[in-house]
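Student: Chains as they are written, first to last, in the working numbering: chain A, 794 to 1014; chain B, 4 to 219; chain C, 18 to 281.
Treat the hints with care, since some could be wrong.
Claimed, not checked - BS3-like, lysine-lysine: derived pairs with alpha carbons at most 27 Å apart:
{"#": "1", "chain 1": "C", "residue 1": "K144", "chain 2": "C", "residue 2": "K192"}
{"#": "2", "chain 1": "C", "residue 1": "K165", "chain 2": "C", "residue 2": "K50"}
{"#": "3", "chain 1": "C", "residue 1": "K165", "chain 2": "C", "residue 2": "K90"}
{"#": "4", "chain 1": "C", "residue 1": "K216", "chain 2": "C", "residue 2": "K257"}
{"#": "5", "chain 1": "C", "residue 1": "K192", "chain 2": "B", "residue 2": "K116"}
{"#": "6", "chain 1": "B", "residue 1": "K116", "chain 2": "C", "residue 2": "K257"}
I should point out that these hints are in silico values taken from the structure, not numbers from a laboratory.
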Amino acid sequence: MGYTLNFNLIWRHFDKLWGGLLLSLELAVISIAIGIVIGLVLAVWYVSAGRVVRGIIASYVEFIRNVPLILLVYLVFYGLPTVIDLAYSAQTSFVATLAVYSGAYLVEVFRSGLEAVPRGQIDAGKAIGLTPWQRLVHVRLPTMMRITLPALSNTFISLFKDTSVASVISVPELTYGAQWINFNTFRIVEVYLVVTAMYLVTGYALLFALRLVERWYRTAR
Amino acid sequence: MLGQIAYALPFLAEGFALTLWVSLLVVVLSLIAGVVFGVGLVYGPAPLRWAVRIFSDTVRGIPILVLIFFVYYGMPAVGVHLQSFWAAVLALTLFKTAQVVEYLRGAVASIPKGQSEAAMAIGLTFRQRLTYVIFPQAFRRFLPPWINGVTDAVKGSALVSLLGITDLMQAINQVIGRTYEAMPLYILGALLYFGVNYALSLASRRLEQRFAFIRE
Amino acid sequence: MATTSDNSPALLDIAEVSKSFGSVEVLRSVSLKVAKGEVVAIIGPSGSGKTTLLRCVNFLESYDSGSIRIDGKEVGFRDGGARQRRSERDLAAMRAETGMVFQGFNLFPHLTAAGNIMLGLTKVRGKSSGEARSIADHWLGRVGLAHKADSLPAELSGGQQQRVGIARAVAMEPKILLLDEITSALDPELVGEVLAVVKSLAEDGMTMVMVTHEMAFARDASSRIVFMADGGVSAVGPPKEVLAAETTNERLRTFLARFRASQF
Ligand SMILES: Nc1ncnc2c1ncn2[C@@H]1O[C@H](COP(=O)(O)OP(=O)(O)OP(=O)(O)O)[C@@H](O)[C@H]1O
Ligand SMILES: [Mg+2]
């Protein structure tokens, strides 16, 4: 094939990738933080709600989970401003989209966790006279966390990878940086090798950290 | 407005058909490759197991978009020229294959060791054990997550629009480019993707119930 | 029932078999001969190597040294001096000569009771499915489950599942039947129906080696009892001798004392 690898140009533009990676992480952290709030609130609401509310929450979850993220990203960035009078940057637009997107996945994770909390624990909480709110904070949520942590970690990693879609609306995150180098230096194989390594190292480092949290959570209480 | 969209409907339908066609190809090819590599991962010699492990962990560790660009732009750079359609199918198939490998590994691993031992004890050979004892059981555990994961192929296929392939996503963007009716068209597109994927996820739930008896 | 003297030809000949899992020696030079038609019960404390020994006999587990022969043929290794593992095909053929009944039943959940029995008959013995079906029906009748032939394992009670397990093993007409604590996963009220089946097989002259914690059953159904301790054979003999209260074997006495309290 006669292709010789030459990484020099990649290193020269490495700030594009490094800055991109940091932005990817930032996008992920902010979106997931908002997504966690959405997910927790809706999951707690769901398990105690009546049919109508359940139906609405389930529709949100099912709809988001069954539509490609790229379409939602376009819809929010190019579509929404045509019908509502609001201006926002590509970055804000993406964070909002990924937050709503991750919220749908996290509702599902938290809901199944809450439903897996053994009946006996809730009854025991009642028996010692805890109010519903106290039962939620001191019994159901801690138990749910322990049950859902592994699934939660996997969801976080996959949402981190989803930040790459921000490149389609020119948010200069890691994948965007890769494309920039791809088009401007043509060291194509090199740049994607480096970017692959960067996603892998970051992703597995995150996973490792989350597993440590899981372990800590299991032993700390 | 509605008139313009109605005018574009055949064009959108073509894009939708291409989305389904890409998804179908990817699903079928990845099923074959994934089962072959999955068996390699579970039963193969150490070097093969390592190779499949590295392949799967790498592909599952990076965004599909990066994989698509890597394949699409990287292959011509090393002298392999594929039509963009096939480059897209290849990239999505790699992504989906890694998933299938993991479903298969999980399905086989979930079968108690005693099943293989009982099959050995009546004198079945390795291949017979796989054919008559392990696979029929693994199949029932493989099916629901696999069908569930078919939606990932459909959703992932929307990314091939970035390679200039006129799938549903790209068709929508092109019609918007001409009509400026962004919101109705994105919603129409979302509903189409939703329709396909929701039907698939209902089917997987049905299958799960149907094979519930297997939970000993 | 036959009893062995040292010079009668043994159907199963275990000679100085040793095995370690890592640094733990689980079998220490175990020797045991079993003649055709004999029923040998293996008893002993948990972890003494009973299961491991049984699994070595049909090579579900390999062993490090010594030999295990059935009808004069080494089970896991090729004939001739070198300890070379038999081919997959050979091993399968050897294993078909021994039947095994498992503590956890291990029925194939996707096959009916009859299907479980027919699988080996059609794929290993090469019988037509019609023939296999009539053999399956015969054996299901023998274990009292003729009416359950088309039930899936999940639809059977534990005792019924284990009887299918026995039928599956004996339908292959093995030279020797290996049973590993086949009643210990069962509710007490279901134990009797399974032991009754084993007893009737013994009366038919089936050669059996069974690991059991049912002392009364071992005493009544077996021709010899082997007491294993710490990976070795600590005592062998007719039930009356081994189970005698006045044995001088210290380990055996403590072991039996624990049982006597509950079971005799
Ligand atoms: N696959 C294995 N790997 C490591 N150690 C093992 C393995 N299988 C068995 N052992 C060990 O070998 C020893 C003997 O085990 P074995 O199952 O043969 O005992 P047993 O006499 O059947 O006990 P039990 O009455 O509890 O069934 C035990 O110490 C056990 O922990
Ligand atoms: Mg045992």
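Student: Hint by hint, note whether the structure agrees.
Tutor: The hints, checked one at a time:
1. About 18 Å separates the Cα atoms of K144(C) and K192(C), which keeps this hinted pair within 27 Å; it holds.
2. This hinted pair does not check out: K165(C) and K50(C) have alpha carbons roughly 37 Å apart, beyond 27 Å.
3. Restraint check: the Cα-Cα separation between K165(C) and K90(C) comes to about 38 Å, which exceeds 27 Å; the hinted pair is violated.
4. As the CA atoms of K216(C) and K257(C) are separated by approximately 18 Å, the hinted pair is consistent with the 27 Å bound.
5. Between K192(C) and K116(B), the direct Cα distance comes to roughly 25 Å. Compliance with the 27 Å bound is thereby established for this hinted pair.
6. Using a Cα cut-off of 27 Å, the hinted pair K116(B) and K257(C) is violated, with the two alpha carbons roughly 38 Å apart.
In this structure, the earlier hints numbered 2, 3, 6 are contradicted, and the remaining ones agree with it.
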